[in-house]
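Novice: Here are the chains, one letter per residue:
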Amino acid sequence: MASIRFDKVGKRYANGFVAIENLDLEIRDREFLVLLGPSGCGKSTTLNMIAGLEEVTSGKLCFGDQLVNDIPPDRRDVAMVFQSYALYPHKTVYENIAFGLRMRRTPQAEVDARVRSAAQKLAITHLLDRRPSQLSGGQRQRVALGRAMVRRPAVFLMDEPLSNLDAALRISMRAEIKQLHEEMQTTFVYVTHDQAEALTLADRIVVMNDGAIEQIGTPHDIYEKPATIFVASFLGAPPINTLDGEIGGASGRPVFRCGDVALALPPAIAAPTGSKATLGLRAEDVTLDPKAQDDVAIDGVVNSILPIGSDQFIGMKVAGREFFFRLAKDQACAIGDRVRLAALTNRLHVFDAASGRSLAGG
Amino acid sequence: MSAAGPAGATGHVAGERHRRLRIAALWIASLIFVGYVTAPLVWLVSSSFQSEREITSKPPHWIPHEPTVQNFAAIFAAPKKDVTYETRRAADPASGGFIPSTAANLLPAMANSLIVAISVVILNLLVAIPAAYALAKIRFRGRDASIYAILTTRVIPDIALVVPFFLFIRNLGLLDTLASLIITYLAVTVPFSVFILTNYFEGLPDELDKAARVDGCSRLQTLLHVYVPLSLPAIVAVILFAFLASWNEFLLALMFTQTPNSQTLPIIVASFTSDFTISFSFINAAGVLAIIPPVLIALLFERYLVSGLTAGAVKG
Amino acid sequence: MTQAAVLARRRERLPFSHDERRAWLFLAPVATTLLVVAVFPIVYSLYISFWSIKLTRPHRQPFVGLDNYAQLLADPEFWHAVGRTTSFTVMAVTAICVIGLAVALLLNETFPGRKALQALLLVPWAIPYVANGLMWKWIYDSSYGALNGLLFQLDFIDKYMVWLGDANKTLPLIANAFVWKEVPLAALLLLVTLKSIPADLYAAARVDGAGALQRFLHVTLPALRPGFMLVIIYETMTAIRHFDLFFILTEGGPGDASHVLSWRIYVETFRNLSFGTGAAMSYILAIVTFALAYGVIRALGRNVR
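Residue numbers (this note's numbering), protein chains in the order written: chain A, 1 to 362; chain B, 363 to 678; chain C, 679 to 983.
It cannot be assumed that every hint is accurate.
To be verified - Keeping only pairs whose Cα atoms sit at most 30 Å apart, straight-line, the calculated DSSO-like set for lysine-lysine is: (1) A/K317 x A/K291; (2) C/K837 x B/K420; (3) B/K420 x C/K847.
Hint data in this document are derived by calculation from the structure and do not stem from the laboratory.
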C-alpha cells in the first residue's frame with residue numbers, strides 16, 4: 001500500500017517561517033505525481049516531508065492508513081534521488097548502490113544480485129568498481145537511480161534529478177525515468193521547476209506556489225484548463241500572453257475589453273458585466289488572418305522576430321503589453337509590418353483580476 | 363609599428379631587471395625568515411651536543427667542536443647513584459655544572475605526557491564528533507545558543523580556571539594524578555575541536571545526510587558511515603591540536619602535579635631550569651627531547667594544521 | 679476548525695521532536711564536559727572571590743563580599759602589575775602584527791621553496807612554551823649566552839651584558855620570546871586573508887594606474903583589516919593571560935620587574951595560599967578577556983556592515 005495522504009499538513013520553521021500551510025493532497029498508489037512550481041514554492045519541503053527528512057509541524061501525513069508524522073526516514077519505505085546525486089564520495093559505485101540494502105541487513109547474495117541487475121538495467125556494470133569522482137554527470141545520475149531502484153521502495157522520490165544534466169542528456173533520461181516507473185510499478189513523486197519535464201512524465205501534476213497548491217490535474221488539464229492565472233503563466237514557452245481589462249456584455253454574449261481589443265468570449269464564462277478580468281492567450285492559439293472578424297481580432301505592429309528553428313515567435317505591442325504569437329517558419333514577416341490576428345475563441349482563458357481564479361464555467 | 367619596437371625592447375629589459383630584483387628580494391627575505399625561525403633552535407640543538415666545558419667557552423661555539431651525546435645518554439641511562447654535594451663536584455670539576463639524578467624522571471615524564479595527550483585526544487573525539495554533527499546538520503531549537511556557548515567557553519582564560527580547578531581537583535582527591543590533567547585539559551581543547559569539526563561538517567553537502575537517512579541510517583549511523591569517513595582531514599586536525607595542546611600544557615600541570623607520578627615533561631624540564639647548578643647543556647638536551655614530537659608533527663602534518671588554524675579566519 | 683487550532687498549538691508546545699531529541703543526545707557529552715570543566719569552575723571562581731579563603735588558616739574562611747576586589751583596586755601593586763601586563767601586551771602584539779605581516783607577504787608570493795618555508799613556520803608554533811622559555815633563557819644568559827656571544831663577535835658590545843637581569847630590558851626580552859612563538863599563527867591568519875583578496879581588485883588598480891606601493895596601501899592593507907582584527911583580538915587575549923615564560927625566564931624578577939597579572943595570580947594563590955584574592959584577580963582578567971573579545975568583534979561587525 002503506497003498511497004500517501006496529506007491532511008491539512010503545515011510546515012513551520014523554528015524561526016516562524018511558514019513553508020507549507022494547510023496542504024491537502026492524496027497521492028495514489030503507483031501513480032507518477034509531479035510537484036511543479038518555482039523555487040521556494042514548498043515543493044521540495046513537501047517531498048522532504050514524505051521522506052521524513054522534514055518534520056510535519058501540523059496536520060497529518062499518512063502512508064496508506066498509517067500515520068507517519070513521527071516516523072524517521074530510516075523506518076519509512078522510501079528511496080530518493082537528489083539533484084546533486086549525493087553519492088557517497090568514499091564508496092565505490094557498487095557500495096553506493098548496495099548501501100541502502102546493507103543498512104537493512106539484506107543477505108549478501110541478495111544484495112549482489114540486486115546491485116548487478118540494477119547495474120545491468122542502467123548500463124553501468126563496467127563502472128561498479130569506480131568512485132563517484134571518476135564518473136561523468138550522466139553516469140552519476142544513473143548510479144543515483146540505481147541506488148534508489150535496488151531498494152524496491154514503496155515510494156520513489158525524486159528531487160529535481162535532471163537539473164544538473166546538460167540539455168540533450170536530460171531529454172533521454174526523461175524517457176528512461178518514465179520507463180523505470182512502468183517497470184517498477186510503484187509510486188513516484190517527482191519535484192521539478194521544469195514544466196516540460198512535468199508535462200512529459202506526470203500522470204498528474206500538482207502546481208504549487210507560495211506553500212499552497214494552485215491546481216492538481218493531468219498534464220492536459222493543467223495546460224488546457226489552468227485553474228489560476230499563476231498556472232496559466234507558469235506553463236508554456238513563451239509564457240502565456242496576458243491582457244488586463246474588464247468583462248462587457250453585448251447582445252447577451254460576454255465580451256472582454258482592453259483598450260482597442262474587444263474579444264467575444266465563450267458563453268460559459270461566468271462573470272458579471274463590468275468586473276475586472278485578466279485574459280490569457282497562448283502564442284499558438286492565434287493565427288495570422290487579415291480578414292478576421294472584429295470580435296476575434298487583435299491588431300498590432302511587429303517589433304521583434306525570434307526564430308526558434310521549427311517556428312518563429314513574433315512580438316508586438318498590444319494594449320501596452322508585449323504580445324507574442326507563433327508563426328510557421330516559412331511565413332514571411334518583417335519588423336514594422338501591420339498584422340491582424342484571429343484568436344481561437346475556445347482557447348481563451350479568462351481569470352478574475354482580483355483572485356486570479358479561472359472564470360471558465362462548469 | 364616602428365615606434366613600438368624600441369619601446370617594447372626597453373620594456374623587455376625593464377621587465378627582466380624587475381624579475382631579477384624580485385628574485386633577489388625573495389632570496390634575501392627567505393634567508394632572513396629562515397634565520398629568524400631556525401637560529402634559536404639550531405643554537406638549542408647545538409648546545410645540547412656540547413659538554414659542560416665546551417658550552418662555557420667565550421665566544422660560544424656555534425657548532426660543537428667536540429660533539430658529545432653524554433647529555434642524552436644521561437637521560438636514557440640516568441645515573442642511578444645518589445647525588446650528594448661531593449658527587450656533584452665530582453661530575454664536572456671544571457665548572458660545577460652537573461647532570462642531575464632527576465634526569466631519570468624525564469622518560470617517565472614523557473610517558474605521562476603521552477598518556478595524558480592520548481587520553482585527551484580520544485575523549486575529544488568521542489565528545490566533539492557527535493556534537494559537531496548535531497550542530498552542523500540537525501536543525502533544532504537552541505542550536506545558535508549552543509554554538510555561542512561553546513565558542514564562549516573557548517575564550518575563558520586558563521588562568522581563571524586555576525583556582526576553582528585546584529579546589530575541585532583537591533576535593534575529589536585527584537591532586538597529583540594524571541586524571542586531574544586529563545579532565546582539565548578537556549576545558550582547553552574541546553571547544554576548539556567542536557569548532558573545527560562543525561566547520562568541516564557544514565562544508566559537506568546536506569544532501570549526503572538526507573541520502574544516508576533515506577538509505578536507512580539512523581542519525582548515529584549516518585555520522586559513522588558517512589560523515590566520519592569523509593571528515594578524516596578535520597579529524598586528523600583535531601587529533602593533532604588536542605595532542606599538541608596537552609603535550610605542551612604547563613600552567614595546569616604546574617598546579618596539580620607534585621611528584622614524578624604525575625609530572626609531565628614540561629614540568630620536569632622547567633624544574634631543571636630553576637636549578638642553577640644544573641648544566642645548561644643538559645637542560646637543552648631535555649628541551650630538545652620535549653620539542654621533537656611537536657616539531658615532527660608540525661613538519662609532517664603542516665597541511666592539516668594550517669587548515670585547522672585558519673578555519674573561519676576569512677569569515678571573521 | 680478550533681479543534682485543529684488547538685491541535686496545532688499543542689504540537690507547537692511539544693518540547694522536542696525526534697530529531698531535536700537526537701540533537702540534544704549528541705550534544706549531551708559536550709554539554710556535560712563543558713559544564714563540569716568550564717562553566718562550573720568559572721562560576722565557582724566568582725563565588726570563591728567573595729570569600730577570604732586562605733589555606734594557611736583552613737578553619738576561618740569568612741564571607742567578605744566585594745572586599746577582595748576593593749582591596750585589589752586600592753592596591754598600587756595590583757595597578758603596577760596591570761601596567762606591566764599592558765606594556766608587555768602592547769609591545770608583543772605590535773611586533774607580532776608587523777613581523778606577521780612581513781612573513782605573510784613573503785609567503786603570499788609564488789616561488790620555489792615556498793611550501794617548505796610554510797612548514798618551517800609552524801615549528802615555533804608547535805613547540806611547548808617551556809622549551810621556548812629555556813631556549814631563550816639560554817640565549818639571554820649573561821655569562822655564556824648566544825646573544826652576548828653574537829653581539830660580542832660582531833663588535834656591537836665590548837663586554838658581556840646582563841639581559842634578563844636588567845629590569846629595563848626584562849619585559850621587552852620576554853616579549854621577544856613570546857613574539858617568536860606567536861608570529862606563525864598571526865602570519866597564517868594574515869596569509870589566508872591575503873589569499874582571499876580577489877585578483878580582479880589588483881588588476882583594476884593596475885588599470886587605474888596604481889603603482890606597487892599604491893596597490894599595497896589602497897588594496898592590500900584595507901583588505902587585511904579583518905585579518906588584523908582577528909590577530910589583534912586573539913594575540914591580545916593570549917598575551918594578557920600569558921604565564922609560562924614569566925615562570926621559566928624570570929619568576930617575576932628581577933625584583934618585581936616582570937610581575938605581571940598572571941604571575942601575581944600565581945603568587946597570591948599558590949605561594950601566599952590566599953585563594954579568594956587569587957580568584958578575584960583571575961576573575962578580573964577573565965572579564966577583561968570577554969570584554970575584549972566581545973567589544974572588538976562588535977566593532978568589526980559594524981565596519982563590515
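Novice: If a hint holds in the structure, say so; if it doesn't, say that too.
Specialist: Here's how the hints hold up against the structure:
1. A threshold of 30 Å between alpha carbons decides the hint, and for A/K317 with A/K291 the separation of about 20 Å falls inside it, so the pair holds.
2. Annotation: proposed proximity of C/K837 to B/K420 holds, straight-line Cα distance about 11 Å (limit 30 Å).
3. Note on B/K420 and C/K847: the hinted pairing holds, with a Cα-Cα distance of about 23 Å set against a maximum of 30 Å.
In summary, the structure agrees with every hint in the numbered list given earlier.
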